[in-house]
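There are 2 protein chains.
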Amino acid sequence: MTAACELCQDTGGEELYRDHQLRVVLVDDAQYPGFCRVIWHAHVKEMTDLLPASRSAMMQMVMKVESALRETLNPDKINLASLGNMTPHLQWHVIPRFRDDAHFPAPVWAAAQRQPDAGALAARASHLAALRAALARATSED
Amino acid sequence: MTAACELCQDTGGEELYRDHQLRVVLVDDAQYPGFCRVIWHAHVKEMTDLLPASRSAMMQMVMKVESALRETLNPDKINLASLGNMTPHLQWHVIPRFRDDAHFPAPVWAAAQRQPDAGALAARASHLAALRAALARATSED
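So the protein sequences, as listed, match chains A and B.
Residue 240 is where the first sequence ends in this note's numbering, and the numbering goes up by one at each step.
Residue 240 is where the second sequence ends in this note's numbering, and the numbering goes up by one at each step.
Mixed in with the good hints there might be a few duds.
The list cannot tell twin chains apart, which means a pair is met if one copy fits it or any two copies do.
[To be verified] Capping the alpha-carbon separation at 25 Å, the derived lysine to any residue pairs in SDA-like fashion look like this:
1) LYS143 x PHE202
2) LYS143 x GLY217
3) LYS143 x ALA216
4) LYS175 x GLN158
5) LYS175 x ALA101
6) LYS175 x ARG121
7) LYS175 x ALA204
Since the hints were made in silico from the structure, they are not lab data.
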């Protein structure tokens, strides 16, 4: 834990799941309803800083989030990324992408290509309760 | 295999490793010496379209590439991403990042922040032979 790291100091969003080593949060991003992060609790920089069993636990949770997003939001594509250049605390971005979203087909970190339609965003946001339920089911199966 | 998919039609770079289900290629990107991709041979869109054992094989190869990059290029950060918005054929970007690279600390898909120093790029490129050797070692250990 480091005092300067926002993911050591803060949950990072609405917590959808937590166990002894990681958490899943729903990111508060108006343009990307359903944008989730899987965050390792300990301040670890890279995936290969984890032991293989922990890497596997992390990726299995990323896969559960991807599955829950596909099941409930039916996105055109899932984007997965572990970057951490600014916050070197291991975290996976799991982002549901749609052809009409702000950046598609570019990554969400590129320049925006359009203003997303408010109705489409509201429709996606209406599925967040189902997303929470799907992830709760997926993480109670173990 | 689809005729319109560039990763079905083309290797995608200098092949560093190949087995029956995936390949590792070195991307020809002058700004990012050492940028690798792990590409699933079959035209699959998402990680969760693979069976769990195949997902695990894919990620274990991503981890070998990350380790080989850290060992030989000593980057400030590793960036991992599976995007595929434009080419929906499962592929992992494994990108060694440096504080003085063209986009740091932004992702490589954001606007460039600087022109990287030619000497620094040449120094990184000089480690590519060691990278090839490290990955060959890592993939012959199984």
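Structure-based check of all given hints:
no. : hint            : verdict
1   : LYS143 x PHE202 : between (29 Å within a copy, 16 Å between copies)
2   : LYS143 x GLY217 : neither (38 Å within a copy, 27 Å between copies)
3   : LYS143 x ALA216 : neither (37 Å within a copy, 28 Å between copies)
4   : LYS175 x GLN158 : both (19 Å within a copy, 23 Å between copies)
5   : LYS175 x ALA101 : between (36 Å within a copy, 20 Å between copies)
6   : LYS175 x ARG121 : both (23 Å within a copy, 22 Å between copies)
7   : LYS175 x ALA204 : both (12 Å within a copy, 22 Å between copies)
Of the numbered hints given earlier, the model fails hints 2 and 3; all others are met.
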